[in-house]
Amino acid sequence: MDKNSPIPPRDDNYSDTESAWAVDVREAATRGMTQKASRKWWLAIALLSLMVLAGVYAWYYQLKHGMASAGYNDQAFWAVYIADVIAFIGVSYGGAVISAILRLTGQSWRAPLTRIAEGMALATVIVGAMFIFPHLGRPERFMNIVYYANWSSPLVWDFLAILTYTVATIIFFYIPLIPDLAIVNRHLGSSNSPMRRKIYSALSLNWMGNKRQRRLLHGSLTLISLVIIPLAVSVHSVLSWAFALTSRPGWAETVFPPYFVIAALYSGTALVIVTAAAFRSGYKLQRFITQRHFVRIGYLMAALGLVYLYLTFADMATEGYTGITTGWITQTITGRYSIPFWIYVLFGELIPIVVVAFKKFRNIKGLTFAAGGVVVALWIKRLVIVLPPATQPLIGSYWGAYHFTWVSITITLAGAAAVPLILMVMFRLIPILSIEEMEEAGPIGSIEQISEKTEKYQDKLLAGGRNLEHVKQKTPSGGLQMSGVDPIGPQTTLAVNPTVNPGGFSINPGEIR
Amino acid sequence: MIPNGEVSRRNLLKLIGKGAAATVAAGVGVELLTYRAYAQSNSTTTPNGLGTNGNMTPGMAAAMADPAAPPDHQWAMVIDLRNCDGCGSCTAACQKAHYLTPDQTWIKVFAMSNNDGQTYHMPRPCMQCEDPPCLHVCPVEATFRTDQGVVLVNQDRCIGCRMCMAACPYEARYFNWTADVQYPTTPIPPTPQAPIPQKLGTVGKCTFCVGNLNNGLLSECASGCPMGAIYNADLKTDVAVNGLGSTVKLSTFLYNNDAVTFYPEQNTHPRVWYIVGHGQNLDTNSTTA
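Chains as they are written, first to last, in my numbering: chain P, 1 to 513; chain X, 1 to 289.
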């Protein structure tokens, strides 16, 4: 939110300021809401719904036959479901914090990504919280945690933290939606059903787009962005204390809170990439979400991945060196948990680092593949955090074992299917792009509009100095023009349609990347 | 830790008598009788010493006379590892009396090896910690500690999160994982003191057979131990009795035999003491349970 950006004051009459850019944004953002769903979409919905239903049946089976049917036993008392809780709430946290940080630091290029990231955060926190129920032996007594709360229990803190964070995520998702719903109502007009129109206009809180409203919107957005970051840190710290406040070697680690927080950020960033890639191709948003978005988030992901690698090492180094309680470390690195652990090292660390490091792989395909690997590898890593200390013997030397059953696998897959299901339905009801933010940013985001083809030229140009005449893009309807290109001095000036951003601006291509 | 109380002769005699009776009853193996005595004895007291139904106990009468009166007993246990040969009778007796599945070893006999590589056996009941980690981490206060120093689980409140299993340093807690168990139908609903039958999806653990103790009977494991390795003890009266009927002054017994607690570094202050040594000197050929 650049205070100095010369945004023209608006009235309720939108057509005054409706630039060609805005028209394009609105069209793209509401595409999912207006167009008839394709057969592919329905097929995907049917498949995902089936997976979710299968999970519900598996849960019913587990309730009826007991948790032994999910592979649990007294020496593997915590296993896959708690790993699911951490993994899903973790990615949610990542999505929300990435969006919040980019907002606070005024990264205007984030505009096309925020709705997807925040929607992903909302969908995953709901699913993550749901995994608490199959984790419990007596889910029907869940409310006891309210009636008989024991304040010395980390799980009560967990409950409060997750609840607060969920509410904050909903608010964080809703506030940028306020202007968008008003815009959608205007944009879609009578093509929208009267019922929907009513709901949208109620939810948009009589948004006119005047100065005062915009000031309020920006203020509250900044506030919730500021609030959600420490909140998310606290949620994952508290989640880690459910482990770290026991006396089990391997769990009772001081490094656990930051360890969990970074894992959450890391996997969340990765899922932002995967989600953005999926909806980019599904909703044909190539013009708005470009390779540069992926590369930037990819850098963030790789940096977080390195921090996580460092913390993983730090976690094992101290105990491993002194050798006091090394059973779980030995089992993790060379023993019964070594295969999942090294899968994490390969897909969770090596591949993403290589993909981001080498230009050859640093494209949408490569980054999406790496990010997908990170999401799965980090789920596996959570399991490797949970299981070795849980199954280790505290007395004697007999190791317990957790065995996957169809019940736990089906329930976990149901959760994994519920996230895209929620998102796909969600983006048929609300715009997939944050219209207001994108219009405000103007085609700033449109440095991204330089198509991938152009990028190649530009790279060549920066490397070898070819004339940028070739690069001159056909102006996108928003009115982006490239002019005055100096092939040697990398000073690319973009003159922008003054109605959108009267100030204009210039960008150094060195900064774009 | 060990109070220097005097042995009350009355209590001592009572304990000996009831202990012998329990041993006989267990030996005869009248299951129903055992169960009924058990259930009735357990139904009479709740954690605060007040009865729910059934007969009045001495403890209840005392509680009614003076609500502020301190409890008559502070239950504890001594396990003399010198006498344990690892036969597993304690586990069997416990499982039989509480209708547990074979996995649910509320008292479990571990085969351990000492520094010389020799094997010894160590029964591990719930330590009835004075500062129990399981109690602190329970989100719904389903785990509580009675004024007699016994840690119990309210299985009607437990949500089955298993945080207590993660927190217990002694692995003394057991979950009811499966519904494919034949539970007995009981005339009296289960209580924290006598959780019979166990409830699916909740956590259970050793109750110290506190109902037995309050009625002058020994715990099932103590009366079931043919070697007399397990002593039920009372810190208040400073007495300890095993299943063979030998009665000792608790404080002297612990002091003279260098008794230790398990994992003292955890600062849980267990109420179970071990007298170290191992059972292979007993020249038995039994194996690990």
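Derived from the structure by calculation, the hints contain no laboratory data. Don't be surprised by glycine CBs; every beta carbon is placed ideally from N, CA and C. Mixed in with the good hints there might be a few duds.
[To be verified] Chain P regions said to be covered by chain X (calculated; three or more residues, Cβ under 8 Å):
1) 147–158
2) 232–246
[As the list claims (entries may be wrong)] Calculated from the model, a selection of chain X residues having no Cβ within reach of chain P, i.e. all distances over 12 Å:
3) 92
4) 104
5) 113
6) 115
7) 116
8) 124
9) 130
10) 141
11) 181
12) 202
13) 246
A quick look at each hint next to the structure:
no., hint, verdict
1, 147–158, "holds (count 9)"
2, 232–246, "holds (count 4)"
3, 92, "holds, 18 Å"
4, 104, "violated, 8 Å"
5, 113, "violated, 9 Å"
6, 115, "holds, 15 Å"
7, 116, "holds, 17 Å"
8, 124, "violated, 6 Å"
9, 130, "holds, 16 Å"
10, 141, "violated, 5 Å"
11, 181, "violated, 9 Å"
12, 202, "violated, 6 Å"
13, 246, "holds, 28 Å"
Checked against the numbered hints above, the structure violates hints 4, 5, 8, 10, 11, 12; every other hint is satisfied.
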